[in-house]
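**Student:** Taking the hints into account, I'd like the entire structure generated from these sequences.
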Amino acid sequence: MIACGGGEALPQVMIQADKQEVLAYMSKFEFPPSIKSRPVWGRLEARAGKHHLMIADAEGAAAILDIAAPELMAKSHVIYIPNGADFADKLRDLKPAQFYEGPSYSASVQRIRRVLQDAHMGLQVYLAGTEGLMGQAMQEAVSAGIPHTAIQTEHRGSTARRMQCVHCKGITENVEVDPFVCSHCGLNLFVRDHYSRRLAAYQGVCVDAEDPGNVPAQKGIYE
Amino acid sequence: MVEKPLTHGVIGRDDMTIQFNDETFRDDYSFYNSAWAIKRFPFPFDKDDYMYSVNMEPHAGGREGSIFDNRFDVDEHYVSEMRDRALVLASDPLRCQSLPHMTLAGWDLLELIMVSKSEDYPDMFELHRDGDKWRWINKPLGIDDSFTFLDETTLPYGPMEYITRQTQGDFAVLDQRDDNLWMDAGMITTQADWSLDFDIGMNFFEWHAPVPLAHEKGIFVRALKFLLNIQQGSPVRRLNWTMTVNPLLDTSPENYHKWGVQKTTLTPDNLGSKQHLRVELQTFFRLPRSNAMVFPIRCYLCAFQDIVSVPKWGRRLHRVIRDLPDELAEYKGFAANRPMMLDYLAKFDDGLPTSPGIWPEIETEPALQK
Amino acid sequence: MSGATKIGVRVTEIVPLNNLVTRFKFEPLDGSLLPTFSGGAHTVVEMKDGDRTRLNPYSLMSDPSDRNAYTISVRRDDEGRGGSLFLHKNVKVGDEMVLSNPVNLFSLDLRAKKHLMIAGGIGITPFMAQIKQLDRNHGNWELHYSARSEDLASYARELTSEHPNDVHVYYNDKDQSIDLEQLLDGQPLGTHIYICGPRGMIDWVRGTAKELGWPREAVHFEEFLAPKPGKPFEVKLAVSNKVIEVGEHESLLEAIERAGVDAPYLCRGGACGQCETNVLECDGEIVHRDHWLEPDEHASNEKIMPCVSRFTGKTLVLDR
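Residue numbers (this note's numbering), protein chains in the order written: chain A, 1 to 223; chain B, 1001 to 1370; chain C, 2001 to 2320.
Simulated from the structure, these hints should not be mistaken for laboratory data.
Where a beta carbon is used, it is the ideal one built from N, C-alpha and C, also for glycine.
Please note: incorrect hints may appear among the correct ones.
What the hints assert, rightly or not - Here are the computed lysine-lysine pairs in the DSSO-like style, where the Cα-Cα straight-line distance is at most 27 Å:
#1 B/K1258 x A/K169
#2 A/K75 x A/K36
#3 A/K50 x C/K2113
#4 B/K1263 x A/K169
As the list claims (entries may be wrong) - Beta-carbon label-pair distances, calculated as ranges:
#5 C/N2018 x B/T1154: 41 to 47 Å
#6 C/G2284 x A/Y222: 36 to 42 Å
#7 A/P33 x B/S1146: 54 to 60 Å
Said to hold, decoys possible - Negatives, chain C to chain B, calculated, CB over 10 Å:
#8 V2169
#9 E2217
#10 C2272
#11 H2298
**Tutor:** And the structure:
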């Protein structure tokens, strides 16, 4: 067995300065302050551990590139869902121990479950990209037995939300406007900041219940 | 499971001390409070203004006949409330959920309620225990079940669902870990507009996240510290309140698109009978086997016209509603109706001083001077 | 209101297990049933030692569902302030005593897919109750128990004969020790670690788990601190307007109680946070010894846990 049980922390200085400059244009969004159930996304950092699972979509790849060091990547399994972005080759070039490129989250989820099923305590989980991706992957890791506070996250890319209709329970993906129409029951819903980790979704509530038909004009969620 | 109603709008049996109303909390809203129920209504304001506070006190009895008297209050609405709960669950089973690790806490809760009710209301409830072989008799609901304690296969539902289908009030069962409380199980059908299905799994700060002002005042940090240290045998309680148009128990977010519009049906003429003050008796008990907590939230409804029949309450309710910060009226969902409510309540406020405390003081407080 | 609800009991059995450890059994005075509890809970034992009342916490080790009796095992501490010596020397079968209702600060995380227990010496006691609880619910657990010698390994024989596959015992005098890295490596996701034993063992396991990338929430530990003796000091209690002297062998909390001032407490071992007290004035140094306050709170000297912490210096004024 390789003597690496100590799992020494990987120093942050391994990020190359020029790479940081290149990535400076990548979208990073400053979420406005909100209520206590709204998730606060962090900043990925390399942590001690023998095994590392990294799951990212679209521009989330950039957050992985930011912390990628050869020693870390040699112990990492990367699952990437491009959603039209163009980072797969850059990630592959990091030479992760395992690399998988999936066409969508739902196509990748069985694989994520399989990886978690075999994993051991000490596994480090890194999630990067959209809130929908991070929320759903976190839910898988939590059900597998990792406390949510031990899972690292970093938001990149789209700020669209995964919304649950509190009335019909249907999930509408990629909601960018408020109010919006539930893709299942058709009610006009307003977008709340109240968030459920278990559902990996924000709550949508009927906006015209007290005055049916009086639906405010749509605007961007963060407008 | 519910006995057929007898005549004259009351149900129950002759040998029981409470006559149960035959009433509804939906459609025709035949709910009513008897004179007895009005007098023991838990009016939540102990002075003429209101702001959040932790306001906990030991839940160790109270004035005789008051709703604080027993660990789990049973009143004239019992049978009809249980019938309403069964209707809610039939249409939406997600209102009762328990994460897998909470089964032991469910047994704790079943034991707590069965022991308490059989001791506090021996004419209505009986518990016979021989080791793990238990027999539970609930006369008002006509139930007589034998089962094996801690064996889920011997009950028709999980232990929490079984006992809370027979107990008034909502129940949030909270796991304690990492210096926090986690809402990991519950029976929630008479809620003030929050969703168990959405909030299950959240910690104390997360499920209270939508409450305005209180976080900034540090209320929840203090309340949590207090709750984490509640010990076996030393339950505590507090009152909370909101407003509901029509005596609707199930003011759930799930059905808000159906009941929300009822808020717009108030008129100056029907306000006294339609507008209800909704009060929650919230209690907290430590559960012994699981080290979890149970947080029963018992809802009491009272129409404005019944509240103002107590002169002290009429005066005070007007002043509280008039002076409440806008954020709270908005959060509690009655900002739009507040002016109409104040027009109504002003008629019952003659400006006389009120005595401290929540009790009606019908004998000592002066009658309305206008 | 101070402490948990009290229970009057009678000592019905005293069994010396070895040179250091004795087991005590308590049954309720009035023939009623004791409250059930959860594995890991402790009770605070009240001891009337002359004009002095000693209050020491001990883990309950009996079956949590047995409501007829509670048992505790007490290790004699010849260096300590005398609580364990009092139990060993003065308490007889038939004596009436007072216990607190069970309080659990070392609860199982029932979500765990596996419970990995690590015990050192007398730290075995809470696991005795937890194992009984888990067995009843078909829980998945494993115990690693380290003791100085076979003679001092209380309950090791009983545990290994009842659970030959799940209990692993290590005797220090035979140079046996837990291979911790090996043990922690390869545990399935959802495993929780529980440690009860000497401070050094707790630090060792927590440190190793952290290095191996275990989340903080999956590592549970319990250490009761016995209040350490120290130089006497003077304290002013602002609310009750009293000046009290804390003696060499008593804790600040005990001195406050001796002065007739009601102060909240539960564990009396620096863990539960119940006795947290605001410091109004401090000219000197507070010797913080608790697990409860955060490091910045210790540094600020605005709070003190009087059950275990002391003071040296000129003036200390408390909001009590």
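**Student:** Of all the hints numbered above, which does this structure not satisfy? Sort the numbers upward.
**Tutor:** Of the numbered hints given earlier, those the structure breaks are 2, 6, 9, 10, listed in rising order.
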